[in-house]
Amino acid sequence: MKKRITGLGGFFFKTKDPSKVKDWYNKHLGLNTDQYGSTFWWKNKEGNDCSTQWSPMKDDTTYFEPSTSSFMMNFRVENLVELIQVLKEEGVR
Numbered sequence: 001m002k003k004r005i006t007g008l009g010g011f012f013f014k015t016k017d018p019s020k021v022k023d024w025y026n027k028h029l030g031l032n033t034d035q036y037g038s039t040f041w042w043k044n045k046e047g048n049d050c051s052t053q054w055s056p057m058k059d060d061t062t063y064f065e066p067s068t069s070s071f072m073m074n075f076r077v078e079n080l081v082e083l084i085q086v087l088k089e090e091g092v093r
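Heads up, the sequence shown is in my numbering, so the first residue is 1 and it goes up one at a time.
Calculated directly from the structure, the hints in this document are not laboratory data. C-beta atoms are modelled at their ideal positions from N, C-alpha and C, and glycine is treated no differently.
Here are the computed distance ranges between Cβ atoms for each label pair:
#	residue 1	residue 2	range
1	Asn32	Asn74	18 to 26 angstroms
2	Glu90	Ser69	18 to 26 angstroms
3	Pro66	Lys27	32 to 40 angstroms
4	Asn44	Lys20	28 to 36 angstroms
5	Gly30	Val86	34 to 42 angstroms
6	Phe64	Ser19	16 to 24 angstroms
7	Leu29	Phe71	14 to 22 angstroms
8	Thr61	Lys27	19 to 27 angstroms
9	His28	Asn79	35 to 43 angstroms
Working from the sequences, and respecting the hints, build out all of it.
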């Protein structure tokens, strides 16, 4: 296996008022936001279009289940099927 993680796919977090958070980041940091948050577009070294998502979510969302965490990160990987097999071999559940 060459690479495991190649980048950050998204960062999602719970908040009481997602609209207020998005408005604050838009006003003070210039983050272009929409109903989902903000998408950062970029190109990988091969020149392919890629994106990373930033999303504040309502604090009662069930999107993260079964986790009880207040945030979730997802990663870009080179080969998901291969990575899952390697992780199983390493004892990761």
